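*Asks:* If you're matching them up, the sequences are chains A and B in order.
Just so we're aligned, residue 10 is where the first sequence starts under my numbering, counting upward by one.
Just so we're aligned, residue 10 is where the second sequence starts under my numbering, counting upward by one.
It is worth saying that the hints were derived from the structure and are not from the lab.
These numbers were taken from a predicted model, which means no experiment stands behind them.
Worth double-checking, as some hints may not be accurate.
Note that identical chains are pooled: a pair holds if it fits in a single copy or bridges any two copies.
Cross-link-like lysine to aspartate or glutamate pairs, in silico, DMTMM-like; alpha carbons within 20 Å at most [stated by the list, open to error]:
1) Lys-180 - Glu-154
2) Lys-385 - Glu-220
3) Lys-385 - Asp-310
4) Lys-285 - Glu-298
Protein chains: 2
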Amino acid sequence: MVSFALISYKLRKNPFLLVILPIISILAVFLIFIRNGEHPMLGIENLSISNHKWAHEVENTWYFPFTNKFKMPKYSYKRKQSNWLFNDHVDDIIPEGHIAHYDLNKLRSTAYAAVNKERVLILTPMQTFHKQYWENLLQLTYPRELIELGFIIPRTKTGENALKELEIAIKKVQSDKKNQRFAKITILRQDSQSFDQLAEKDRHSILVQKERRAAMALARNELLFSTLGPHTAWVLWLDADIIETPPTVIQDMTSHDKSVLAANVYQKYFDNDEKKMAIRPYDFNNWRESDIGLEIAANMDENEIIVEGYSEIATYRPLMAHFYNADGQVTDEMELDGVGGGCTLVKADVHRDGAMFPNFPFYHLIETEGFAKMAKRLNYGVFGLPNYLVYHIEEFNT
Amino acid sequence: MVSFALISYKLRKNPFLLVILPIISILAVFLIFIRNGEHPMLGIENLSISNHKWAHEVENTWYFPFTNKFKMPKYSYKRKQSNWLFNDHVDDIIPEGHIAHYDLNKLRSTAYAAVNKERVLILTPMQTFHKQYWENLLQLTYPRELIELGFIIPRTKTGENALKELEIAIKKVQSDKKNQRFAKITILRQDSQSFDQLAEKDRHSILVQKERRAAMALARNELLFSTLGPHTAWVLWLDADIIETPPTVIQDMTSHDKSVLAANVYQKYFDNDEKKMAIRPYDFNNWRESDIGLEIAANMDENEIIVEGYSEIATYRPLMAHFYNADGQVTDEMELDGVGGGCTLVKADVHRDGAMFPNFPFYHLIETEGFAKMAKRLNYGVFGLPNYLVYHIEEFNT
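Excised from the complex, chain A in its bound form:
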């Protein structure tokens, strides 16, 4: 009892120790837990929280796990681990005793996507960051906690710039209010041949178009295979050049409950004759097969491809771009055989069954058009919405 006597004596001399002592004790406990790098409430061993590396740092993935879902583990399979202070049980990070499996049969992609809390993955190959693209994305009304974003960016100077701007934009939204954040964002730098090496003005000549689309097919596949999760219900392919969609585009398009569904991509421009803004069709990759198209394909060499929208190959295919009717219902549907990637919604199961973007001739088709053919080979229907317009940015070829 020597020390007690000593403490009693000191206390009698300075009663403030009475207040300070508990605080010092608390501090000591915190220091021990944190400095030792062991936080027994979390099962983290030998790792200081501040030294710990999060997955994205090790893997070079930019991963924003923002929804509650991704935050903290629940514990089970208790393993005793004595603790000098409380002799508490310290649990491992192991899932609950009732083991949950991922049951693909119960994963739904329905007409009531938002109500059913179906997760949507928006995928965008990006060579240029358009402020309007991002602003349009932010004004979507589908719950952000159900939206994951995936970007693939070419390894070029343009790509480098796009990446920087994208980073700034993402930081802003993902460090803002928690309920305003996207569930997850992944940015990939492209491995394969870059898809943006052609100047904007050369981009539509038929020869460079073929090469560009083959490279784009690889980019889309890399993005798709790396980001699709077992929980994904829908994939929305939204090109970086699409700068205006209705805010309800996800709800509108999912409500059709189609396996593959393309919006009609138009462009707003200034009509010099009329001296006012007007619209014109932009994307000609949404089409229905024609007899002439089939005949051309039948006579082609195995490795030749048809790219729609060029006068060099007149397929006489009905193009959805020409079916727009300003007086029609926006919900009108038409069956398609080829689609573009401008704004195309795909049930995740279609991809999960194997539908990807061939960069090799697949029935003389490649990229998104080959994808549509592959979806059809997997017995899925492919549709388009001729009167549902989304807008491509105007390119200025001065």
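Knowing the structure of chain A, use the given hints to seat chain B on it.
*Replies:* Showing chain B alone in chain A's frame:
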């Protein structure tokens, strides 16, 4: 100072309070942190740790995030949040200020996989859980922290049983020593048509074989698309019937540095004539194309398929199964045109570029054989190791 005087008085009467007081204070602090459901060191708001739902619980995914990589976030983008006790800064769960991207160019799949810490995803469609399969998996010497496992299990009675046994086996290893755990395990229940609806003895008749392999192709795609991550360097397709491989199978096969590489699948059996154990070839899906095979394909209807290994279609293709030479080098390679899924290693980039398992006729091939063709269309080389044997379980048709 009334209370101080009172405490001083009580202390003088009972100095043991001096010891108890700090402990009570500490308990109080812990209770406040945990009962309030707010743990300011972790940025978790309004959520008691015990009520929190981990991703797999919400998504019905069985996800074991065991490596250090997946444990805890590092913080940045500090947001001040006052705390009554320490007035500390509470950080959000947002990745570090230096934003890391996933650079697919720097993801390597090399001959020195283990040294370079390349992550391997082992994928197994499983209709029956064989104890020997699991034991073989556990004896692999490739670092488990670099191995992810993915299973897909059919929605049948057999599948149900396999799942139960698999669960028990997984729980055991994943709740054992931390450094003995696999990086991640995902189990999917199949969505598409089940691949095990045919009794084992019917399984090899050519007609059911075609149907079975089309269903298996969908299962493989569902598994692949759902589990491949941006960090995956290699995918090892290992069938649930493969019960014996060299412990160094991953190191051995990655060291060949091939895009697609198949081991030779044999079977051990008791030779009744010789009265001793012997081996015989089992998997005939690893083959080289022959002129006769090409000729048969050329004359086939677009939707017909060739399944190798049946006398009904004599392709005279050289089969790797027949190239085994007990006196040869285990490292001997041969070029292939078709592969099986028994034990086949694939660089993740091959899949990421789009190579999947067609369930529709692709150059008159489906499933793994169609995959090999697709890999070749994507300009990847396909090889086999005729003298590197792995063993299929013996089926007893009593």
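*Asks:* Hints first: check each against the structure and report whether it holds.
*Replies:* Results for each hint:
{"no.": "1", "hint": "Lys-180 - Glu-154", "result": "within (16 Å within a copy, 31 Å between copies)"}
{"no.": "2", "hint": "Lys-385 - Glu-220", "result": "between (24 Å within a copy, 19 Å between copies)"}
{"no.": "3", "hint": "Lys-385 - Asp-310", "result": "between (22 Å within a copy, 18 Å between copies)"}
{"no.": "4", "hint": "Lys-285 - Glu-298", "result": "neither (35 Å within a copy, 63 Å between copies)"}
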